[in-house]
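Can you build the whole structure from these sequences, using the hints too?
2 protein chains.
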Amino acid sequence: MAKKQKTFRPKPRLPKGLRDIRADEIGAMTNMLARLREIYELYGFEALETPAFEYSECLGKFLPDQDRPNAGVFSFEEDEDGEWVSLRYDLTAPLARFVAANYDELPKPFRRYQTGHVWRNEKPGPGRFRQFTQFDADSVGADSVAADAELAMLGADSLEHLGLKRGDYLINMNNRKILDGVLESAGIDPVAEENASQRLTVLRAIDKLDRLGEEGVTYLLGEGRKDESGDFTKGANLAPAQIDKFLVYLRAGNEARGDVLGALEPLVSESPSGREGLAELREIDDLLEAGSFKADRVRFDPTIVRGLDYYTGPVMEAELTFETKNEEGEMVRFGSLGGGGRYDGLVARFKGQPVPATGFSIGVSRAYAALEALGKLEADKRNAPVVVLVMDQEQKGRYQAMVQSLRGAGIKSELYLGSSGMRAQLKYADRRAASLVVIEGEDEQAEGKVTIKDLDVGSELSKEITDNKEWRESRAAQKTVGADDLISTVKEMLAARNTDQEQSA
Amino acid sequence: MAKKQKTFRPKPRLPKGLRDIRADEIGAMTNMLARLREIYELYGFEALETPAFEYSECLGKFLPDQDRPNAGVFSFEEDEDGEWVSLRYDLTAPLARFVAANYDELPKPFRRYQTGHVWRNEKPGPGRFRQFTQFDADSVGADSVAADAELAMLGADSLEHLGLKRGDYLINMNNRKILDGVLESAGIDPVAEENASQRLTVLRAIDKLDRLGEEGVTYLLGEGRKDESGDFTKGANLAPAQIDKFLVYLRAGNEARGDVLGALEPLVSESPSGREGLAELREIDDLLEAGSFKADRVRFDPTIVRGLDYYTGPVMEAELTFETKNEEGEMVRFGSLGGGGRYDGLVARFKGQPVPATGFSIGVSRAYAALEALGKLEADKRNAPVVVLVMDQEQKGRYQAMVQSLRGAGIKSELYLGSSGMRAQLKYADRRAASLVVIEGEDEQAEGKVTIKDLDVGSELSKEITDNKEWRESRAAQKTVGADDLISTVKEMLAARNTDQEQSA
Chain Y
0 MAKKQKTFRP
10 KPRLPKGLRD
20 IRADEIGAMT
30 NMLARLREIY
40 ELYGFEALET
50 PAFEYSECLG
60 KFLPDQDRPN
70 AGVFSFEEDE
80 DGEWVSLRYD
90 LTAPLARFVA
100 ANYDELPKPF
110 RRYQTGHVWR
120 NEKPGPGRFR
130 QFTQFDADSV
140 GADSVAADAE
150 LAMLGADSLE
160 HLGLKRGDYL
170 INMNNRKILD
180 GVLESAGIDP
190 VAEENASQRL
200 TVLRAIDKLD
210 RLGEEGVTYL
220 LGEGRKDESG
230 DFTKGANLAP
240 AQIDKFLVYL
250 RAGNEARGDV
260 LGALEPLVSE
270 SPSGREGLAE
280 LREIDDLLEA
290 GSFKADRVRF
300 DPTIVRGLDY
310 YTGPVMEAEL
320 TFETKNEEGE
330 MVRFGSLGGG
340 GRYDGLVARF
350 KGQPVPATGF
360 SIGVSRAYAA
370 LEALGKLEAD
380 KRNAPVVVLV
390 MDQEQKGRYQ
400 AMVQSLRGAG
410 IKSELYLGSS
420 GMRAQLKYAD
430 RRAASLVVIE
440 GEDEQAEGKV
450 TIKDLDVGSE
460 LSKEITDNKE
470 WRESRAAQKT
480 VGADDLISTV
490 KEMLAARNTD
500 QEQSA
Chain D
0 MAKKQKTFRP
10 KPRLPKGLRD
20 IRADEIGAMT
30 NMLARLREIY
40 ELYGFEALET
50 PAFEYSECLG
60 KFLPDQDRPN
70 AGVFSFEEDE
80 DGEWVSLRYD
90 LTAPLARFVA
100 ANYDELPKPF
110 RRYQTGHVWR
120 NEKPGPGRFR
130 QFTQFDADSV
140 GADSVAADAE
150 LAMLGADSLE
160 HLGLKRGDYL
170 INMNNRKILD
180 GVLESAGIDP
190 VAEENASQRL
200 TVLRAIDKLD
210 RLGEEGVTYL
220 LGEGRKDESG
230 DFTKGANLAP
240 AQIDKFLVYL
250 RAGNEARGDV
260 LGALEPLVSE
270 SPSGREGLAE
280 LREIDDLLEA
290 GSFKADRVRF
300 DPTIVRGLDY
310 YTGPVMEAEL
320 TFETKNEEGE
330 MVRFGSLGGG
340 GRYDGLVARF
350 KGQPVPATGF
360 SIGVSRAYAA
370 LEALGKLEAD
380 KRNAPVVVLV
390 MDQEQKGRYQ
400 AMVQSLRGAG
410 IKSELYLGSS
420 GMRAQLKYAD
430 RRAASLVVIE
440 GEDEQAEGKV
450 TIKDLDVGSE
460 LSKEITDNKE
470 WRESRAAQKT
480 VGADDLISTV
490 KEMLAARNTD
500 QEQSA
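Chains as they are written, first to last, in numbering that gives the first Met the number 0: chain Y, 0 to 504; chain D, 0 to 504.
Derived by calculation from the structure, the hints in this document are not laboratory data.
Fair warning: this is a prediction, and the values are worked out from it, not measured in the lab.
Backbone N, C-alpha and C fix where the C-beta goes; we use that ideal spot for every residue, glycine too.
Careful, some of the hints might be misleading.
As the list claims (entries may be wrong) - Calculated cross-link-like contacts (lysine-lysine; reagent style BS3-like; alpha-carbon spacing at most 27 angstroms):
| # | chain 1 | residue 1 | chain 2 | residue 2 |
| --- | --- | --- | --- | --- |
| 1 | D | 375 | Y | 375 |
| 2 | D | 375 | Y | 411 |
| 3 | D | 411 | Y | 293 |
| 4 | Y | 15 | D | 350 |
| 5 | D | 350 | Y | 10 |
| 6 | D | 411 | Y | 10 |
| 7 | Y | 350 | D | 15 |
| 8 | D | 411 | Y | 164 |
| 9 | Y | 233 | Y | 122 |
| 10 | Y | 490 | Y | 448 |
As the list claims (entries may be wrong) - Chain D residues, not near chain Y, derived (Cβ > 12 angstroms throughout):
| # | residue |
| --- | --- |
| 11 | 126 |
| 12 | 373 |
| 13 | 402 |
Here it is as structure tokens:
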């Protein structure tokens with residue numbers, strides 16, 4: 000094989016925005032996903048898995064970044080039938096396809112959770128990857144906002160189950176219908192086709208409040224805004240009186256849920272959508288109270304929009320409130336790690352009849368980064384293997400038998416599989432972060448003994464050691480015992496290590 | 000949204016060879032993968048995750064189906080830099096790229112396991128999907144065949160840990176070097192570039208022994224073979240005396256490992272590769288004996304080839320020996336569910352210097368099908384939710400509070416989120432395979448009580464029931480208790496259900 004490729008040697012590298020994930024992160028991530036699964040199942044959502052790619056027309060294009068048309072998705076022509084397929088960019092579009100395809104046989108509401116990779120064909124940047132993991136729950140066929148309230152509770156319970164403490168996070172809710180109500184009060188019909196683009200520009204402007212402040216949003220609601228680099232973003236062309244309505248709206252606050260509703264009421268009292276939106280939030284408030292979810296967990300916040308075009312009712316965002324260092328070393332709020340909302344139109348794309356639906360999605364990589372910043376990752380400290388050294392290549396069978404007996408006792412262990420000498424074997428064990436090494440050299444074998452060495456304790460010393468004799472004499476945290484006591488001694492020494500680690504953790 | 004799409008309504012469907020996976024299978028699959036992970040980690044392999052797609056030139060094309068050039072892989076041009084990328088078709092090619100890219104910092108040997116989806120652009124068929132899951136272990140940088148022996152042990156231990164019993168499976172091993180030895184004995188230099196295509200045709204012919212029998216293989220080693228449909232497959236054009244050598248080879252048997260080696264020895268005694276291959280199997284035999292892996296678990300079988308071109312030494316195949324019904328309803332051997340071998344050239348593609356490596360891969364979907372056929376899937380029987388019915392839409396908060404208290408007690412439960420009446424709610428609970436439903440109607444509420452109903456027991460009856468009063472009177476496996484006793488009663492009734500299920504399992 001190598002021969003055939005003589006003329007061309009590829010450079011081993013990954014496309015930008017993709018990365019390999021090593022064992023420690025996989026271990027912590029696996030624990031994290033298991034915890035999320037526990038909560039999602041406790042809430043009565045059932046698992047679903049859909050394939051990585053689907054027909055492009057089934058997935059549609061519902062990404063927030065519509066400034067870059069046709070972008071955002073990885074697509075290719077599929078040989079079998081010549082149709083275009085796309086890698087999924089979220090888990091909601093495949094769910095809509097799944098529900099439409101299996102509508103009659105599904106329980107309604109259909110409550111499903113799904114976790115998996117999604118792919119975005121976007122410009123990669125620091126911490127911004129083109130393959131990442133989402134964890135979603137959705138209720139399809141549920142018109143009651145009890146479904147939305149439940150997802151807010153699920154979000155809050157999930158974050159706490161991951162180890163975040165109350166106060167470190169908030170679920171912020173709003174209702175697109177109230178935003179439409181403000182539009183309506185400003186004399187703009189929010190459902191008229193000819194206003195669709197203006198409405199979207201307004202939503203996007205408000206969505207940028209935390210980044211641009213009230214002044215920036217005012218420009219974007221009006222004629223437009225030039226940023227520091229000189230780039231100009233077109234505005235929604237609202238008149239000053241219309242803009243004022245939105246500014247009053249944005250100042251409605253986000254403390255006690257009842258107060259927020261009270262502040263919003265006069266703004267939308269003339270608008271049917273606005274009144275409907277308020278009534279829905281009021282019902283959500285009742286349900287949250289009934290479930291004992293106070294405003295220290297789930298808030299109402301009029302500034303929450305969510306980027307996706309397809310939301311039709313309540314929207315929510317999970318926010319981490321503690322500060323962390325950004326890439327420039329400044330302390331900043333950690334910010335959003337997921338969200339969702341009601342999308343009554345997505346299944347209708349296929350079926351022609353509206354199917355109410357609502358969902359919530361956690362960005363798993365963001366959640367991972369958050370737990371890492373808080374030192375709350377559950378790494379598996381007992382993951383290090385015992386390495387049995389090969390002191391005599393001719394007697395590998397002896398060492399193999401030791402390894403097999405250790406494994407038989409449930410002890411993670413391995414035979415050194417290379418062909419190098421003792422020094423390299425110790426270096427190997429060190430790189431593997433091995434817990435213990437087992438040594439049966441000529442002397443030990445003659446006496447029917449084995450030596451077991453704790454590498455952490457002896458790691459400083461081992462750098463100086465070149466042969467087995469000197470090694471044995473240093474005797475730092477090592478035991479030489481009868482061969483029959485191998486397993487019991489390894490167990491003892493592992494237990495001692497774990498106790499040490501727990502105390503120092 | 001629905002409005003905009005008025006003119007076009009996509010059909011909700013999946014490309015051929017892709018499928019959705021529902022909760023029961025995901026649950027059993029998750030348990031299965033966790034068990035494999037336990038064994039792979041016990042053996043001291045560490046986890047790695049690589050992205051779904053990579054540069055096509057890094058993955059290379061090492062699929063067995065070379066009759067369809069450029070096929071087998073899903074590829075597309077990547078916008079960011081205009082280079083071609085491909086979805087990974089196995090987990091070995093990404094590993095070779097990863098090791099080449101991180102060579103200096105990795106412990107050597109590098110022992111990694113990886114599980115994940117792979118994609119093949121092949122003609123889909125019954126049970127033949129274009130997205131499926133593999134579970135691989137590889138040792139890179141290990142020149143000793145102790146690494147190969149270990150993978151055979153890992154394979155055997157994995158299958159038993161999944162629940163297969165001894166006798167239901169075999170790990171069959173061979174060595175490509177012995178096959179090369181037979182070629183050499185037949186006067187064909189197996190490493191000469193000009194013989195590469197003939198060598199591959201010979202390997203493919205032998206690989207088809209189980210399907211075509213000795214006669215078919217004889218044709219394929221000679222001028223070629225016409226199948227029943229009239230299609231002609233070109234042969235390796237060996238002379239009759241050369242073909243005879245292979246027929247003797249194929250009859251070497253596969254019982255006691257020592258006997259197989261004895262039968263092969265005279266066939267390759269004149270060939271350096273052949274002798275080397277035999278010596279390697281002899282060392283593997285010693286190590287298997289040392290680990291107490293007898294021929295009822297790991298066999299030597301000269302007919303094992305494995306389809307991939309890149310193997311350079313020991314190869315192995317995991318075979319299930321029990322019979323199962325095929326699509327035509329005939330009883331057939333279950334057959335292969337994975338395999339692997341030594342591939343010393345794959346990392347060399349990048350590095351220019353040989354890096355010894357060996358791997359073993361389990362086809363997870365095949366393993367799942369096998370466990371299903373044997374009735375050994377670990378489904379989660381306690382997965383059914385408690386559904387709290389909404390008897391009065393105006394009082395959802397009351398029911399929400401019940402759900403939250405159940406969840407607080409760790410009981411999987413949900414509020415009915417639709418807007419339908421009691422009959423539809425019971426139907427919903429039935430479709431959800433709910434364990435219990437909780438009912439608090441007007442009468443119960445007046446008395447401070449709740450009714451809890453076991454759906455399985457009452458499912459026949461419920462079809463006849465149209466209102467709450469009649470329901471309560473039927474009283475099949477239902478209890479009406481004080482509202483304060485909700486949780487304790489639900490726990491009792493769930494425990495009773497689980498006991499029943501265990502007894503009937």
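Against the structure, the hints:
1. This hinted pair does not check out: residue 375 of chain D and residue 375 of chain Y have alpha carbons roughly 37 angstroms apart, beyond 27 angstroms.
2. Proximity of residue 375 of chain D to residue 411 of chain Y is assessed by CA-CA distance (about 26 angstroms); at most 27 angstroms being required, the pair is judged to hold.
3. Among the hinted pairs, residue 411 of chain D with residue 293 of chain Y is consistent with the structure: their alpha-carbon atoms are about 22 angstroms apart, no more than 27 angstroms.
4. As the CA atoms of residue 15 of chain Y and residue 350 of chain D are separated by approximately 21 angstroms, the hinted pair is consistent with the 27 angstroms bound.
5. The suggested pairing of residue 350 of chain D with residue 10 of chain Y holds, with an alpha-carbon distance near 9 angstroms, which does not exceed 27 angstroms.
6. Pair hint residue 411 of chain D plus residue 10 of chain Y does not hold up; C-alpha atoms about 51 angstroms apart against a cutoff of 27 angstroms.
7. Simply put, residue 350 of chain Y and residue 15 of chain D have alpha-carbon atoms about 21 angstroms apart, close enough for the 27 angstroms limit, and the pair holds.
8. For the hint pairing residue 411 of chain D with residue 164 of chain Y, the CA-to-CA distance comes to about 23 angstroms; that is within 27 angstroms, so the pair holds.
9. The suggested pairing of residue 233 of chain Y with residue 122 of chain Y holds, with an alpha-carbon distance near 22 angstroms, which does not exceed 27 angstroms.
10. Restraint check for residue 490 of chain Y and residue 448 of chain Y: satisfied, since their Cα atoms lie roughly 17 angstroms apart, inside the 27 angstroms limit.
11. Separation of residue 126 of chain D from chain Y is adequate, the least Cβ-Cβ distance of about 16 angstroms exceeding the 12 angstroms criterion.
12. Every Cβ of chain Y is farther than 12 angstroms from the Cβ of residue 373 of chain D; the closest lies at roughly 23 angstroms, confirming the non-interface assignment.
13. Not every CB of chain Y is more than 12 angstroms from the CB of residue 402 of chain D (nearest about 8 angstroms), against its label as outside the interface.
In this structure, the earlier hints numbered 1, 6, 13 are contradicted, and the remaining ones agree with it.
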